[in-house]
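Between the sequences and the hints, there should be enough to build the whole structure, so can you do that?
Here's the letter readout for the chains.
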Amino acid sequence: MSKLSEKAAALLSEGTVGLVIGYEQGTHGTRPKFCRKAEDAATLILNDKCLNNIGGYLTKPELIGSGKVAVTATLAVMRTVVQLTAEHQLTDGNVIVLALDGDEVLQMASIDEIKKWLAAHPEDLSDENKALLSKLKALSREERWNFWINEMNKCIKCYACRASCPLCYCNRCIVEVNCPQWIKPWAAPLSNMEWQINRVMHMAGRCVGCGACDRACPVHIPLRLLTISMAGDIKEAFGVASGTGNIDGNVLSSFKPDDKENFIH
Amino acid sequence: MSKIGVFVCHCGENIAATVDCEKVANTAAKFDGVEFATDYKYMCSDPGQNLIKNAIKEHHLDGVVVASCSPRMHEPTFRKACSEAGLNPFMCEVANIREHCSWVHEKGDATTQKAIDIVRGLVEKVSRDHPLESIHVPITKKALVIGGGIAGIQASLDIANAGHKVILIERDPSIGGHMSQLSETFPTLDCSQCILTPRMVEVAQHPNITLYTYAELEKLEGFIGNFKATIRLKAKSIDEDVCTGCGTCTTKCPTKKIPSEFNQGLGNRTAIYVPFPQAVPNKPVIDKDHCLHYQKGVCGLCEKVCPTHAIHFGQDDSFITEDVGAVVLATGFNVLNTDFFPEYGYGKYKDVITGLQFERLASASGPTSGEIRRPSDGKIPQKIVFIACAGSRDPAKGIPYCSKICCMYTAKHAMLYQHKVHDGESTVFYMDIRAAGKNYEEFVRRAIEEDGVNYVRGRVARVYEKDGKLIVKGVDTLLGAKPVEIEADMVVLATAGVANAGAEELAQKLHVSYDPYHFFAEAHPKLRPVETNTAGIYLAGACQAPKDIPDTVAAASGAAVKVAGLFSQPDLVREPIIAKVNRMPPPVFSTCVGCFMCETACPYNAIEREEIKDRRSGKVIKTIAKVNPGLCQGCGTCVSFCRSKSIDMQGFSNEEMFAEVQALLED
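If you read the protein sequences in the order shown, they are chains A and B. Counting from 1, position 76 in the first sequence corresponds to residue 57 in my numbering; the numbering is continuous, with no gaps. Each number in my numbering comes from the position in the second sequence (counting from 1) with 91 added on.
One thing to keep in mind: the hints can contain errors.
[What the hints assert, rightly or not] As a list, the in silico DSS-like pairs of lysine-lysine whose alpha-carbon atoms are at most 25 Å apart: (1) B:K387 x B:K347; (2) B:K713 x A:K49; (3) A:K49 x B:K710; (4) A:K41 x B:K710.
Please keep in mind that the hints were generated in silico from the structure rather than gathered at the bench.
Okay, structure coming up:
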């Protein structure tokens, strides 16, 4: 048994947690694994192939119940835990994070510990994403609009992006509000665009950059470019990294009397 | 189907001159849901209101649209009329076809069409409106007065005499403010302290007033009727209960060369000090920045000589919180220093002084015991020049406004000088003499005609020192801009009145608006001069704009009446235009997920948490946001921020506004 499995098994058999959420090897890659008994933990793995953001399961009460939970965490999952706690969706101390430092298993029980770890391991964009983003930013306004309209043309409004996003935890999404109908429900380039603009604005300063929306999209719209780009803008304008729980509230809404911008006084 | 009544007002010719009111009414009558539509010359008149009332009864209307002037004008009138006819007042909407249409467009079909469109928008909105009930909020009948100058003193006394409790806080060690520094007051030349100190004593003795000196407002939370003030009591290093005010400590203190604030730097004080003999309270404070004990850890002489052991070194600032229902801002003003003026020597000539410094020279309690002696060598100046409008009315200096008090006090200064130095020669350089006020013009004439003050209309370009004299170079514009040069012994600048230090910071703390010069802004320059835009916060005196003593006292009494009027109500009635978190039956309870992003967005701290509990087990099922109806000002920031649209604005709901906008955009 790997050290990770041993640790998870120990947490379960000691009764520290009632559930360990992790990854196991599936037929075509990794898949989520829910361990409720110590022996379930034998197949747990944690490596570069664990891309799905299992942090999203933490806000599902039907899965979690009311007890403590452990989750094996990549950096994206850790950011998710931190951001969800900042948004009062998780209680600090109720989620134990199991991470790997080389061969060693780290057990983090408090948000402060996770934040410290995240600060030491900042998110870095992949070269591929950087290249795509700079290509997109180099386009003129019209060209960029046409690019996205073309992409949105493919959208079938399946809302897989929403379902996969760990921060889309609302009971009722704005697209389901029909009184008034803010966003047209049918699939059409403009109404698809409306939905995505709304989704990304709702993610402003909150997105943890896990890329789950992008991977979930069945028609391969490069949705990560929207969220990454938004995170870059937030970083530039407000000097804070998105999805790190470090923002006091929401960047777009909070006001501080000592704001550096003069016009606001 | 709703039954809506549309009432189109002609407003005499104000609307009817450019809008075909009859056509608007006839077209509106055909809108879906409109039961009755008519037009009338003056809807706000008694017959107009009766028209609405009768139509409501006759046609059983459940919504009313009055197409008339801005809702800022007559919305209350029409809502009251609807209410009298048995309709919920919030089912009445005003379509503004005057300011938004008839006044800004020429006569024509397009103008009439725009009026029709505006009415259609409101018809759509009113058909989605819900009856609302006014909100009643309790009132804490205790006032906080910030600033213990004459404004704060007057406001405190008036409120206290009306039978309400008052907390008066003052930043300095004593109350009294600028008025206590003045020598005589215009236009009667009665001694300032003689008329002020009885009021100061009255404050100290009044059973309804709690006075905190050396205290500043740290934080103000809450809303009209229900503020919570946190007050910082700066450490005086004195046990006030034990101190008898004997003054031994102040005579023994070895640090004696600190420029006295009370004497405007013309005299000195000690590190442990009482600012002036009639100070209230007459107990010293230790100025930590200059005290040897605090700065170097030596001395402690005051502690040794104090007969009652009242000196407490190491005392820290303490904080108290007070629940108050209203706040009166009376933080006063200040005057510019001479170093503001490069043309008058940047403050480097000792004998160029400000008007406030002259007051100290002329005052019997001042550093020269009332004799006019110049600061440099103590000689009595034989030639003195007064320069009015030093900084004021000078856009180039960033102060385009008139400081209002300078014309009068300059006349007074010249008069006092002539009374004290009989053979002296005084000259006043002025732009205009603004002496509008009871007995003011007569006062200025007296200075000129009886006391022989030489008034020169013109500005002074430069003051410089030469052979121990101050050379004043100006022009006399009444003699064809003839250059005037005076060799003066002393120059007094009537420097501009400016906002007090920290005014901007305080305004931000209280959410009170202020003008570009950091004077606090009144809610309406004519009709609401002592109120601010923040309900429950009132203005008194020169924190609003430069004011003389009569105006200050009048404003303070006005603010006090506003406070007393507020406190005379059993509770506070507010419009129910506030945000509300939706609620629905179990198992959802509310679509709010409790992310509390709204909490950080709300500028009024109105978002609270509500725990939804299982009735039997008491277990918390869900924590959702809740809007405190007393705190919410209905700004709608939370509404636009809520991702799941779980918060909505009563009276301006998303659905209502969406329908109105859709209707406006329809062809």
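Now for the hints, and whether the structure bears them out:
1. Taking the CA atoms of B:K387 and B:K347, the gap is near 16 Å; set against the 25 Å cutoff, the hint holds.
2. Proximity of B:K713 to A:K49 is assessed by CA-CA distance (about 18 Å); at most 25 Å being required, the pair is judged to hold.
3. At roughly 17 Å between alpha-carbon atoms, A:K49 and B:K710 fall within 25 Å of each other, so this suggested pair holds.
4. Restraint check: the Cα-Cα separation between A:K41 and B:K710 comes to about 18 Å, which is no more than 25 Å; the hinted pair holds.
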